[in-house]
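Protein chains in written order, with the working numbering: chain C, 37 to 286; chain U, 37 to 286.
The set of hints was computed from the structure by calculation and includes no laboratory data. These figures come from a predicted structure and were not determined experimentally. Possibly wrong hints are sitting among the right ones.
Said to hold, decoys possible - The following label-pair restraints were derived from C-beta to C-beta distances:
id, chain 1, residue 1, chain 2, residue 2, range
1, C, 174, U, 216, 23 to 33 Å
2, U, 137, C, 239, 43 to 53 Å
3, U, 240, C, 278, 30 to 40 Å
4, U, 142, C, 135, 49 to 59 Å
C-beta atoms are modelled at their ideal positions from N, C-alpha and C, and glycine is treated no differently.
There are 2 protein chains.
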Amino acid sequence: MSGWVVVAGLGPGAEDLVTPEVRAALDQATDIVGYIPYVARIAPRPGLRLHSSDNRVELDRARHALEMAAQGLRVVIVSSGDPGVFAMASALFEQVEASPEAAQTEIRILPGITAMLAAAARVGAPLGHDFCAINLSDNLKPFALVEHRLRHAARGDFAMAFYNPRSKARPHQFARVLDILREECGPDRLIIFARAVSTAQEAVQVVTLDQATPEMADMRTVVLVGNSATRRTGDWVYTPRGATLSGVTP
Amino acid sequence: MSGWVVVAGLGPGAEDLVTPEVRAALDQATDIVGYIPYVARIAPRPGLRLHSSDNRVELDRARHALEMAAQGLRVVIVSSGDPGVFAMASALFEQVEASPEAAQTEIRILPGITAMLAAAARVGAPLGHDFCAINLSDNLKPFALVEHRLRHAARGDFAMAFYNPRSKARPHQFARVLDILREECGPDRLIIFARAVSTAQEAVQVVTLDQATPEMADMRTVVLVGNSATRRTGDWVYTPRGATLSGVTP
Chain C
37 MSGWVVVAGL GPGAEDLVTP EVRAALDQAT DIVGYIPYVA RIAPRPGLRL
87 HSSDNRVELD RARHALEMAA QGLRVVIVSS GDPGVFAMAS ALFEQVEASP
137 EAAQTEIRIL PGITAMLAAA ARVGAPLGHD FCAINLSDNL KPFALVEHRL
187 RHAARGDFAM AFYNPRSKAR PHQFARVLDI LREECGPDRL IIFARAVSTA
237 QEAVQVVTLD QATPEMADMR TVVLVGNSAT RRTGDWVYTP RGATLSGVTP
Chain U
37 MSGWVVVAGL GPGAEDLVTP EVRAALDQAT DIVGYIPYVA RIAPRPGLRL
87 HSSDNRVELD RARHALEMAA QGLRVVIVSS GDPGVFAMAS ALFEQVEASP
137 EAAQTEIRIL PGITAMLAAA ARVGAPLGHD FCAINLSDNL KPFALVEHRL
187 RHAARGDFAM AFYNPRSKAR PHQFARVLDI LREECGPDRL IIFARAVSTA
237 QEAVQVVTLD QATPEMADMR TVVLVGNSAT RRTGDWVYTP RGATLSGVTP
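Can you make the complete structure from the sequences, with help from the hints?
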């Protein structure tokens, strides 16, 4: 029997946001590989081996998955959300590129519900017009690049979604991000802090930029920022479908 | 029994990309509302009324759904992909804002697998770093705004995903989009045309910008453009997780 590697998106947390396609891959797997809290979401069963590893060892994890597939095992690398959005799919292909023997491995990437879309759905439709997704971690890129992208996104009047906004290792950068946003978007722009959406720990807060503080985010939070037309109606936040040039800086 | 409105994302087409959460809402519905091809994806059953409508009547459709919910019916508005990405969720809230009596309606937005993530998964991980999603239709916004956003996205070295790239009503604009991209990103940037991903009509093409022609896209195509580091490895296309300032225009 020939082995394979699947990179599967488990969605934001709730079981009923896991696609049947991903469920079927998990049912066929001999081995599950992933970051500790994501592997913890997989129900044990006879014949299924669970391999948890810590954060920041993505390439080792990918190599391990490829090696097991070469031995004929059926390996699912689990990601939270969607595997192609700041998750394991890119790390796997970096490792494939570095391992000529991996070129023959059967690989499939299975999409999932990414955090920003689960969060947006919870509050209404804040990403209902053109938007950007930005990873605020400077683990693998200079913070100056984050700043450039923030300014381009703001000047293009995009709505924005931020992944990995804040961690213990870099508590001060998110304060700087909020300063840049206030400078570019003004104090009244709506910002949404959506933590652990669809889990028992879910907590969602909608405020304006002048009310936003760094402590409103942690590593389980996805942060959404509206565009210049994003507004509230009742308890909802949405971005209208129509737009004009008024919010853009050429 | 009190009525409700759910806006549900059906994903890109395949049944096994419909979440269990959406499936449960469809099972509880008395009425399904939506654009003709999306309603056609719903299996008929006794007690379920199907209300199809044409494109560009989103507000009428939302009003109809809210009126039925006020009568105690359980209404699902179906969207392709994710309902919050260039789909019905924003139109519903525009209508809620215009209808004070709708403020009491129970509303839920259920996320789905959006086309760009299904397309990205098919070719690898082209959106594996910061990216933008842009609706190229100028139905509700001036084309000049599309151009501004394209240039900001390119100068921020974002990967990009384009929805509604081309229609019979505006056959020439996508040629202009390709010209802008070539100007900003150069001839060698990778571009992906992913049509009807996960359906029997699926067709995916990966080329460089200098090889791209407007005819490669239609309204069923989502177009992805890599950032300056996006590359091929074997048959795959991926964007590395790391990035530098080299691709950015301040």
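Hint check results:
1. C:174 <-> U:216: 23 to 33 Å: Given a distance of about 30 Å, which is inside 23 to 33 Å, the answer is holds.
2. U:137 <-> C:239: 43 to 53 Å: 31 Å, violated
3. U:240 <-> C:278: 30 to 40 Å: Between residue 240 (chain U) and residue 278 (chain C), where Cβ atoms are some 32 Å apart, the hint holds.
4. U:142 <-> C:135: 49 to 59 Å: At 52 Å between Cβs, range holds.
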